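Number of protein chains: 2
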Amino acid sequence: MHVVLPDGKRLDVPKNSTGAEVALTIGPGLGKAALGIVVNGELRDLLSEIPEGANIKIVTTRDPESIDLMRHTLAHVMAQAVIEYLVAEGEDRPSIRLGIGPVIDAGFYYDFDLPRSLTTQDLEQIEKRMRHIIAADLSLEKYFVERDDALRTYTERGDPFKIDLIENIPNDVPITFYRQGGSAGFTDLCRGPHVPSTGRITPHFRLMSIAGAYWRGDEQNTMLQRIYGVAFKEEEAFDQHLWQLEEAKKRDHRKIGTDLDIFVLDEDVGPGLPLWLPRGAILIEEIERLAKEVEYSAGYQRVRSPHLAKEQLFLKTGHLPYYQEDMYPPMQLENTTYFIKPMNCPFHHKIFAARPRSYRDLPVRLAEYGTCYRYEDSGALMGLMRVRSLQMNDAHIYCTEDQFEEEFLQVIQIYFKYFELFGIDDYVMRFSKHGKDGLGKKYVDNPDLWLKTETMVRNAMQSANINFIEVEDEAAFYGPKIDVQIKSAIGREFTLATNQVDFAQPGRLGLTYIDEENQKQVPLCIHRAPLGTHERLVGFLIEHFAGDFPLWLAPEHVRIVPIADRHSGPAEKLRKQLAKAGIRTEVDSRSERMNAKIRDAEIYKVPYIAVLGDREVDNETISFRSRKEPNRNDVPVTGLINHLSTNIDARVLEILPID
Amino acid sequence: MHVVLPDGKRLDVPKNSTGAEVALTIGPGLGKAALGIVVNGELRDLLSEIPEGANIKIVTTRDPESIDLMRHTLAHVMAQAVIEYLVAEGEDRPSIRLGIGPVIDAGFYYDFDLPRSLTTQDLEQIEKRMRHIIAADLSLEKYFVERDDALRTYTERGDPFKIDLIENIPNDVPITFYRQGGSAGFTDLCRGPHVPSTGRITPHFRLMSIAGAYWRGDEQNTMLQRIYGVAFKEEEAFDQHLWQLEEAKKRDHRKIGTDLDIFVLDEDVGPGLPLWLPRGAILIEEIERLAKEVEYSAGYQRVRSPHLAKEQLFLKTGHLPYYQEDMYPPMQLENTTYFIKPMNCPFHHKIFAARPRSYRDLPVRLAEYGTCYRYEDSGALMGLMRVRSLQMNDAHIYCTEDQFEEEFLQVIQIYFKYFELFGIDDYVMRFSKHGKDGLGKKYVDNPDLWLKTETMVRNAMQSANINFIEVEDEAAFYGPKIDVQIKSAIGREFTLATNQVDFAQPGRLGLTYIDEENQKQVPLCIHRAPLGTHERLVGFLIEHFAGDFPLWLAPEHVRIVPIADRHSGPAEKLRKQLAKAGIRTEVDSRSERMNAKIRDAEIYKVPYIAVLGDREVDNETISFRSRKEPNRNDVPVTGLINHLSTNIDARVLEILPID
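Just so you know, the protein sequences line up as chains R and L, in that order.
Counting in the working numbering, the first sequence tops out at residue 659, every number present.
Counting in the working numbering, the second sequence tops out at residue 659, every number present.
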C-alpha cells in the first residue's frame with residue numbers, strides 16, 4: 001500500500017503499517033522524533049494502523065499538534081500518579097474511580113471520585129510522582145476490548161462512570177484502551193491519541209487547582225474532584241501563561257471588587273443581583289454623570305420609566321413571542337399579568353407616542369439609565385460580567401430614513417469618544433445580520449426590510465471608513481446591529497456597546513410622525529447603549545485599571561492620615577474643606593501606626609495620601625504621596641484643591657503637573 | 001311631657017309633639033323660622049315626634065346644621081326634577097330608577113339608572129326645573145310603610161335598588177318615606193331629615209357634574225349616573241367654593257402634568273405606573289441633584305440595590321409577615337420565590353452587614369433614590385399622588401443609642417431646609433405610635449422597646465422645640481415614626497416625608513458593630529425620606545406652583561422665538577451657546593406668527609421668552625419677556641447667561657436683579 005506525504009509524494013509502506021512504522025520508513029531520525037501522526041487531517045498517535053492511500057504528516061515536537069498529545073498523556077500520567085499516591089497513603093484501590101480526562105486550552109484535567117478530598121499539599125505530591133513516571137519513560141500501548149468484556153470488567157469493579165461512557169459509545173465504534181507501564185502501570189478506557197511514551201512529555205507543566213465538578217456537568221449527578229493542569233512545550237510560553245494567570249487573579253474584578261469595597265453578591269438577595277457599596281455607587285454615579293453630559297451635548301432628552309408593565313405591552317412590541325425565555329417570570333395582579341422589563345424600548349416607544357410628532361421634531365433621542373432584568377441560567381452568571389440586573393446606558397433615537405446615517409454614525413462617534421477616554425484600543429466592531437432560517441422565529445419575518453436595513457448599516461459604516469466584521473444570524477429580533485466587543489486586560493472578551501436598527505417595533509406600536517406632505521409616517525428607531533451596562537462596564541474598568549482608577553472616577557480622591565491623635569481635629573477640618581470643593585476625602589483616624597495607615601490607603605489605591613503632622617497643621621499645608629506624581633511636601637491646601645479640581649473636572653487620565 | 005332647651009330650661013309641651021309643634025310652643029317667630037331640630041345631639045326634621053325629656057335645639061338658617069337639611073332636600077328636589085324632565089322628554093317613568101341621594105361635603109348627589117346618558121345641557125334644564133320646584137314651595141310629608149308593603153310596591157315597579165336598600169334596613173328600624181308636592185309630586189324611601197318645604201332651600205346651589213358610579217361602589221354591579229351638586233347658605237361661601245373648584249381644576253397636577261408634558265399614564269404599561277416625559281425627567285433629576293447635594297454635605301454615602309430579591313430576604317426582615325398585602329405578587333424562578341421590593345431597607349441592611357463595622361464608623365448613612373413597588377388597589381390610585389411605583393428619597397442611618405437624638409434631629413433639620421426652599425408652611429408633624437392591639441400582628445411584638453423608642457422620639461422632638469401631634473396605632477411595623485403631612489395649594493392633604501425608628505430589623509438581620517469594649521452591639525436604624533417619593537413630590541409641586549416652577553426646577557429656562565425664518569439659524573446658534581452654559585433652551589422654529597409662539601411658550605410657563613429679530617442678531621443681544629421680572633430689550637447675551645446661571649446655581653425662588 002502507499003500513503004501520501006505533505007509534499008504530495010507517494011510513499012510505499014507495508015500493509016497495515018502503524019504510524020510509528022510509517023515514520024521509520026521515511027527515515028530513522030524521524031522515526032525517533034515522531035510523537036504522533038496526522039492522518040487525513042486528524043491527529044492520531046503512532047499506534048494506529050494507517051489506511052491505504054491516506055494523506056499523512058508525521059508530528060514531532062516542532063509541530064503545534066504535539067502539545068495536545070502530551071497534554072492528553074499528562075492526564076493519564078496524573079491519573080496513574082493519583083492512584084499510586086492514594087494507595088500508598090493507605091486508601092483502597094477500588095475506592096478510587098475515574099471520570100474523564102480531556103485536553104483543554106492550555107492544559108488538561110481529570111475528574112476523580114475519591115475516598116477523600118484532595119488538598120494543595122496532595123497536588124504537590126501527585127505532581128512529584130508524575131515527574132517520576134515521566135522520568136521512567138513508560139511506553140504507551142493501545143488495545144481493543146470487546147464491549148461486553150469491557151462492561152463486565154467495570155461492573156465487577158463497581159465503576160459507574162466508565163460504564164456510562166461505554167454505553168454512550170456507538171455500537172460501530174471499537175472500544176479501545178491505553179496502558180502505560182505494563183500491567184503494573186495504568187490502564188484506561190480511551191480513544192487516544194497519546195505520545196509513544198511518557199518520557200516524551202514536556203517538563204513544563206504544573207497542577208494548578210482542584211475543583212468540584214458534577215459528572216457530565218449535571219447537578220443531579222455525583223460531585224467529582226477535578227484536577228486542572230497546564231502544560232506547554234516551551235518554557236517561555238509556560239512562564240508567560242502562569243504570569244497571565246497570576247495577573248488575571250490579581251486583576252479579577254470579583255477579587256478587586258471585594259477588596260476595594262465596590263460590590264457584593266448576597267445569597268439572600270439572589271444570584272446575579274449585585275449590591276453596590278458606597279465606593280461602587282460613586283463609580284456608577286461618575287459614569288452616569290459622564291454619559292449625561294455627553295448625551296446632553298448630543299441633543300438627547302432624558303426620560304424615566306417603571307420597571308414593570310402589563311403583558312400586553314410586551315405582546316405589542318413583540319418581546320413576548322421572541323424574547324420570553326430571557327425574561328423573568330410573570331406576576332399576576334388583579335387578573336392582569338405583569339412582567340419585569342427586560343428592555344427599556346417599549347417604554348420609550350410609549351413616550352414617543354404620548355405626544356403628536358412632526359418631522360420638525362425628529363430626530364427625537366430619548367435616554368434613560370434604566371435597570372432591566374433578564375433571566376440568565378444561574379450557572380452562567382459571573383461576577384459583574386454576567387448578571388441578571390442590567391442598568392443600561394440606554395437611549396432610543398427616532399428618525400426618518402434620511403436622518404438614519406447621520407444618527408447611526410453619531411452613536412459610533414460617541415463610542416470612539418469613550419474608547420479614547422478609557423484608553424480602550426483592543427476592540428472589534430461586529431455587524432450582526434439576520435439568519436434566513438430564523439425568520440418568523442428569532443427574527444421578525446420581513447426579509448426585504450432585513451436586507452434594506454442591513455444595507456443601510458453597511459453603507460453607513462463604509463462611508464465613515466469604520467472597520468467591522470460581518471456575522472450572520474446574530475441580529476436583534478427587530479433588526480441588524482453593530483456590537484462592540486472588547487477585551488479586558490486579562491483577556492476576557494465580551495460585548496460592551498451596541499447600536500441597533502429597529503424597523504419592526506415602531507410600526508407594531510403604531511408610532512408615527514407627520515411628514516412635510518402632512519402624511520403619517522412610521523419612524524425608524526435606533527437602540528443604542530455605548531457604555532453597555534453599569535455592571536459590565538464597571539467589571540471591565542476594574543480589570544482594565546486593576547482597580548487603580550483615573551482620578552475623576554476614583555471612589556476616594558484623598559485619604560488624610562493624621563500622624564498623632566492631636567492631628568485628628570485638623571484632619572477633620574481639612575476633610576471638610578476638601579469635601580466642600582467636591583474632592584472625595586476620608587480621614588483615617590484609627591490609633592494605628594502611620595505606616596500601617598499608609599499601607600491600607602495604598603491597598604485601596606487612593607490616588608493621594610495626605611500626611612498631616614505638626615508642620616503641616618502650623619503652615620496650612622499638605623504633604624502627600626501620589627500614585628502617579630512625585631511625592632510632595634508642604635503644598636498649600638488651596639494649591640492642592642485647585643490642582644485636584646482641575647484634574648477631576650477635565651476628566652484627564654494623566655495627571656496634570658501641579659503649579 | 002317636657003323637653004330641655006339649650007339654656008337648660010325645661011319646657012312643657014303636649015305629649016307626642018313634633019319638632020314643629022315644639023318650635024311653635026317656644027314662640028311663633030321661631031315656629032316660622034325653624035328648619036329642623038337637634039334632639040339629644042342628633043339632627044332631625046320638624047316632622048318627627050320628640051321623646052319625653054329630650055335635650056333639644058331648634059335649627060334655623062342661622063345654625064350651621066341647617067345646610068345639611070337643605071342639601072338633603074335638594075337631592076330629593078333634583079330627583080323630582082330629573083323624573084319630570086325625562087318624562088317630559090318622552091321617556092317612560094318606569095325606565096327611571098333611583099339609587100341613593102346623600103349629603104356630602106359642600107353639597108349632595110343622587111345616583112340614577114336612566115334610559116339614556118345625561119349631558120351638561122340636560123343638567124341646565126334639570127337645575128331650571130329644580131328652581132321651579134323650590135319656587136313652588138312644596139311641603140314635605142313623612143310617613144311609615146310596612147316593610148312587606150314597601151317591598152311589594154318596589155317589586156311591582158321592578159326597582160332592584162330600593163329593594164336592596166330595604167333588605168338592608170334592620171328589622172327593628174321602621175321604614176319611612178318622604179313625599180313633596182302630594183301624590184302628584186315626588187316620593188322616596190328615606191330616613192330624612194329634611195327642611196319642612198322646598199321654599200326653605202338656599203338659592204346658592206349648582207349642579208356640577210355627571211359621573212359613572214357602580215351601585216354600592218362594586219364594579220360587579222350596574223353602573224349608575226351620579227349627578228353632583230354643591231350648595232351653600234351664603235352667596236359668599238358658594239362663590240368661594242366655586243372659585244376653589246375652578247382653581248383646583250386649573251392646578252390639578254393631572255391636568256398640568258398633561259398640559260406641560262410632565263408625565264403620562266399608559267393603559268398598556270399599567271395603572272399607577274407613570275411614564276416621565278422629558279420635562280418630568282428634568283424635574284426629577286433636579287430634585288435628585290438637590291437631595292444628593294444636601295445628603296453629601298450631611299455625610300451620607302450613596303449605594304445602589306436591585307429592584308427584586310429572594311423571598312428569604314423579606315422573611316428575615318419581617319416584611320413578609322407584616323407587609324405582604326402591600327407587596328406585588330411573587331415570581332417563581334429556578335425553584336426560588338422572588339419579590340419586587342416594596343422598600344429599600346432590606347438591601348441597605350445587607351450593605352451595612354457586608355463589611356465589619358466599628359463604633360468609629362457610626363453613624364453610617366446609606367442613601368439611595370431607589371424605586372419601590374407597592375400594591376395599591378387600582379380604585380385607590382390617583383395621578384401622581386397615589387401610585388404603585390415609588391421612587392424614594394430614601395436613606396437609612398445606622399447609629400448607636402447615644403447618637404440617636406442628634407441623627408434624628410438632623411433629619412428634621414433637613415425637612416425644614418426643604419420646606420423653606422419650596423415655600424411650604426402649611427404642614428403638621430405627626431408622631432405615630434404603635435397600638436397595643438396590633439402587637440404581634442401589625443407591629444413587632446416587643447412592648448418595652450416600643451415604649452422606649454417612643455420616649456426617645458418624644459424627647460428628641462421636645463428638646464428641639466418642634467411642634468407635633470401624637471397619634472396612636474399608626475407606626476411602621478418596626479418602630480415609631482414622625483410623618484410630615486402637608487397641604488397642597490388646592491387643599492389636598494397627604495404625607496410627604498417620613499422619619500422612622502427601627503429597633504427590629506437590624507437585630508433580625510444580625511447587623512452588628514464592635515463597641516469601645518470590643519463587644520458586639522446591634523445598631524439602631526433610622527429610616528428617612530425627607531422628600532418622600534418623586535411621584536408625590538412632583539405632584540405636590542405642580543399644584544403648589546401651578547406649574548410655574550422656580551427657575552432652577554423649570555424644565556425649560558428659555559424659549560427662543562425667531563421673528564422670521566432668517567432668524568432660525570442665529571436662534572439655533574444662540575440655543576447652543578445657552579445650552580453650553582447649562583441653560584435649558586429650546587427654539588420654536590415653526591412658521592407660526594410670533595404672537596402665537598409667545599402664547600405657546602406662556603402656556604408652558606417658560607420663565608424667559610427670548611425674541612430674536614434683526615436688531616438682536618446684529619447686536620448679539622436678546623430681548624426677553626420674563627414671568628417674574630420686567631421685560632427687557634437688548635440685553636447682551638453674556639449678561640443674560642450670567643444672570644440665569646447665577647440664579648439657577650443659587651436655587652433661588654425669587655429672581656435676583658439683572659446687572
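In short, the hints are calculated from the structure, not lab data.
All values reported here derive from a predicted model rather than from experimental measurement.
Check before you lean on any hint, since a few could be wrong.
No copy is singled out in the list; a pair is fine if it fits within one copy or between any two copies.
[Said to hold, decoys possible] With a Cα cut of at most 25 Å, we get these calculated SDA-like pairs of lysine to any residue:
(1) K250 / M327
(2) K605 / D252
(3) K580 / D649
(4) K292 / R279
(5) K580 / D565
(6) K255 / R355
(7) K162 / T258
(8) K417 / Y369
(9) K452 / G185
(10) K316 / N171
(11) K250 / A354
(12) K573 / D614
(13) K310 / L333
(14) K57 / I466
(15) K520 / T258
(16) K233 / F494
(17) K605 / A354
(18) K292 / K433
(19) K576 / T202
(20) K576 / L421
(21) K250 / G107
Do the hints match the structure? See the list:
1. In the homo-oligomer, the alpha carbons of K250 and M327 never lie at most 25 Å apart, since the shortest distance is 34 Å inside one protomer and 42 Å across protomers.
2. Only within a single protomer do K605 and D252 lie at most 25 Å apart by alpha-carbon distance; the minimum there is 15 Å, versus 53 Å between protomers.
3. When the C-alpha separation of K580 and D649 is checked against a cutoff of 25 Å, the pair qualifies both within a copy, at 15 Å, and between copies, at 15 Å.
4. For the homomeric pair K292 and R279, the shortest alpha-carbon distances inside one copy (20 Å) and between copies (15 Å) are both at most 25 Å.
5. In this assembly of identical chains, K580 and D565 lie within 25 Å of each other by CA distance solely inside one copy; the values are 24 Å within and 47 Å between copies.
6. In this assembly of identical chains, K255 and R355 lie within 25 Å of each other by CA distance solely across copies; the values are 15 Å between and 48 Å within a copy.
7. In this homomeric assembly, K162 and T258 never come within 25 Å of each other (Cα to Cα): the closest approach is 41 Å inside a single copy and 71 Å across copies.
8. Proximity of K417 to Y369 under the C-alpha cut-off of 25 Å is restricted to the intra-copy arrangement: shortest distance 19 Å within a copy versus 29 Å between copies.
9. Neither within a single protomer nor between protomers do K452 and G185 lie at most 25 Å apart by alpha-carbon distance, with minima of 66 Å and 77 Å respectively.
10. In the homo-oligomer, the alpha carbons of K316 and N171 never lie at most 25 Å apart, since the shortest distance is 51 Å inside one protomer and 55 Å across protomers.
11. For the homomeric pair K250 and A354, the shortest alpha-carbon distance between copies (21 Å) is at most 25 Å, but the shortest distance inside one copy (50 Å) is not.
12. Proximity of K573 and D614 under a CA criterion of 25 Å is satisfied intra-copy only: 15 Å inside one chain copy versus 55 Å between copies.
13. Taking the closest pair of Cα atoms, K310 and L333 come within 25 Å of each other both inside a single copy (10 Å) and across two copies (19 Å).
14. Proximity of K57 to I466 under the C-alpha cut-off of 25 Å is found in neither arrangement, the shortest distances being 42 Å within a copy and 92 Å between copies.
15. For the identical chains of this complex, K520 and T258 are inter-copy neighbours only, at 23 Å across copies versus 54 Å inside a copy, given an alpha-carbon limit of 25 Å.
16. For a Cα distance limit of 25 Å, the shortest separation of K233 from F494 qualifies neither inside one copy, at 29 Å, nor across copies, at 75 Å.
17. Proximity of K605 and A354 under a CA criterion of 25 Å is satisfied inter-copy only: 20 Å between copies versus 48 Å inside one chain copy.
18. Proximity of K292 to K433 under the C-alpha cut-off of 25 Å is found in neither arrangement, the shortest distances being 30 Å within a copy and 43 Å between copies.
19. Taking identical chains as interchangeable, the C-alpha atoms of K576 and T202 are never at most 25 Å apart, the minima being 62 Å within one chain and 67 Å between chains.
20. Taking the shortest alpha-carbon separations for K576 and L421, only the inter-copy value of 24 Å comes in at or below 25 Å, while the best intra-copy value is 30 Å.
21. In this assembly of identical chains, the alpha carbons of K250 and G107 lie at most 25 Å apart only when taken from the same copy (21 Å versus 75 Å across copies).
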